[in-house]
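Student: Quick mapping for you: the protein sequence lines, in order, are chains A and B.
According to the numbering used here, the first sequence holds residues 9 to 237 in order.
According to the numbering used here, the second sequence holds residues 11 to 442 in order.
If you are wondering where the hints come from, they were derived from the structure by calculation, not from laboratory data.
For each residue, glycine too, the CB sits at the ideal point set by N, CA and C.
Incorrect hints may appear among the rest.
Unchecked claim - One side only, chain A facing chain B, incomplete, derived with CB under 7 Å:
(1) L62
(2) S86
(3) R89
(4) F95
(5) D117
(6) I118
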Amino acid sequence: MVVIKDVEKVYLSNSENVHALQGVSAKISDGEFMAFAGPSGSGKTTLLNLVGCLDSLSKGSIFLDDEEISSLSSPQKSLIRQKKIGFIFQSYNLIPVLTARENVELALDILHTHTKKEMKDISYAILSEVGLAGLEERKPNQLSGGQQQRVSIARALVKNPSVILADEPTANLDSANSEMILQLMKELNKKHNSTFIFSTHDQMVLSYVDRIISLKDGLIVSDETKRSV
Amino acid sequence: MIFSMAWKNMFRYKRRTLITASAIALGIMFSIMMEGLLFGADQDSKRNLIWYETSAAKIFASSYFEQKETFPVEFFIDKNERAALDAFLNNKNIKFAPRFQTYCDIYFSEEYFETAGSVSGILSAVDTAKDSSVYKISDEIESGSWLAGSKDTSIDESGVSTGAVIGSWLAKDMKAELGYYITVQCRGRGGFIQTMDVPIIGIIQSSNPIVNAGGVFMDLAFVDEMLELEGGVTEYSLSFGDISVSDKRYDNFRTEFKAGSFSSADTPLELYSWRDIEADFLALTKSDSASSKVFLLFMLIIAAVGISNTMLMAVMERKSEIGMLKTLGYTNRFIRSLFMLEGFFIGILGSISGLLLGFALNFFMVQYGINFGSLLEGIDIGYRISAVMRSGWNIPVFLLIAGGALLVSALSAFIPSGKMVRVEIAEIFREV
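Could you build all of it, start to finish, from the sequences and the hints given here?
Tutor: In structure tokens, the structure reads:
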């Protein structure tokens, strides 16, 4: 479960303080498939980054599975990201010199909990689950955009994180691929009961999620459930 | 995983990696060549000093050493001291050669030569029976004969050679030929000026430029009579056998010599190693060695700049990957190590190539060297090398050069990667 309490984020841009978030509060339950939505500059990506321990907040607090993560030190945040958070990026961010399997193993290797063989088996299984069976030893440049995003999803899922954060995951995909990816994530959400939080303004993504928290100028303007937007 | 990633990243931009590794390789190759040449020149010079000029050690009369540069004729090892010294050295089984040395002027007239004139030289009056047991000069006769040799036409009825053997460059300067008479003028014992008309019976072409340029060798027995030396000599040259063990044997002998009666006499005899005698030469080689270190430093700086630039570009291009690794929970230390390892691998590629190229070039330089020929006749470079400058195999230094380049390669990635890993992840993604 993710609990966001009165979160404020101020950062300096061109010598001016920008209030990216101005007292945002929300509660996201386990297994939710939801999105932070809003136009550019609304604060949705900033909020996603704060939940993902990628940035430091200015005020307020964030809890992940009852642990306050907003006040942790940088190494402690690294540990949280290692074990509890999976990320899916707009531009996939795969390591081009590694194969699909090795990219997935990257998320496991840092945990130091599996042998090489175990990592290989787990990676093969998860890649098969995202529809990439037979393509495990291909490098990113030998895969299509949709396939690369599937590798990225497999990498996020492989360590069974509490929450998966996806920042505009379909922005670089055509509509057919976007649909397939969203369908896949929805299935995985149901199968693994993983919490998916999107940051997006893509209508297709918003049509798939069960809950939308809309932001504008750093404030929550609506919090709606079950495609009621 | 980190090794595998760093290794694969190295081949990501093959051309860039190749250029950087090549720069390192060339730097190492030239450093090896330079170090090899200096080492070779150093080794050859030491050998040529000992074989032709200083011997392994010398014994002088008291006070001679301080004025040795002027070849004084005031401080002698006298006849009675010589007898005791001969017995002592024979007893210790040390090979020795008594000599009288002084500066001289050599006059040559139109009677024999194309033009009359004079040149300066160093007269060495040698014991023809003993000198070749210490020095190798008698083996280097280019034409004619060594003193009292089988072809020496100047031997008088008492078996004394009355001719002179001169250095090849000196002979070339004078346009001298065998049989030509020269007048050797120098100071005798007590300071009087003496002139000696002697035929040239031999010309030496040695590996030592000092001998070639100014060496005049005559029979000690003849010179003793002409310069009224009264059986005295200015020095005893000593040999301790093979050069590789010479220094150690000298140390042992010095202890014995100091314990002997020669050191405690009223006018004690003094023992000096070739290192004491040629302290200036050793200082020169040290300063050359320092210069080569500066060259090496430049090479390392070039390697550092090259690698640093390569790694900076790599870091800038892989911002999003750095961000992604951080989101996966990889520490700054891991990411920095990844880049440093990549730099290290490029360093290995450059170092191995540089070592191979350097060894190949050095092999050629050891086998064939560079023939400076007539260039060295006109200038004194300090080193005792007369024509061909050859390299040597200074393996520990060669490996040190490669090791240094390797270390610098790894460290050069430290700053560019360090800068990036300190940036907040969100900031990295904002910039991408």
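Student: Using the nearest Cβ pair, does A/F95 come within less than 7 Å of chain B?
Tutor: holds (5 Å)
Student: Closer than 7 Å between Cβ atoms is the bar; does A/S86 clear it against chain B? Give me holds or violated.
Tutor: This hint holds: A/S86 lies near chain B, its Cβ roughly 5 Å from the closest one there, short of 7 Å.
Student: Are A/R89 and chain B close enough, Cβ to Cβ, to be under 7 Å, as the hint says?
Tutor: Given a least distance of 4 Å, the restraint on A/R89 holds.
Student: Min Cβ distance, A/D117 to chain B: is it shorter than 7 Å?
Tutor: A/D117 check passes; min Cβ-Cβ to chain B is 5 Å, inside 7 Å.
Student: Under the criterion of a CB-CB separation shorter than 7 Å, is A/I118 in contact with chain B as hinted?
Tutor: holds (5 Å)
Student: Should the hint that A/L62 touches chain B count as held when the rule is a Cβ pair under 7 Å?
Tutor: Holds - the Cβ of A/L62 comes within 7 Å of chain B, reaching about 4 Å at its closest.
Of the numbered hints listed earlier, not one is contradicted by the structure.
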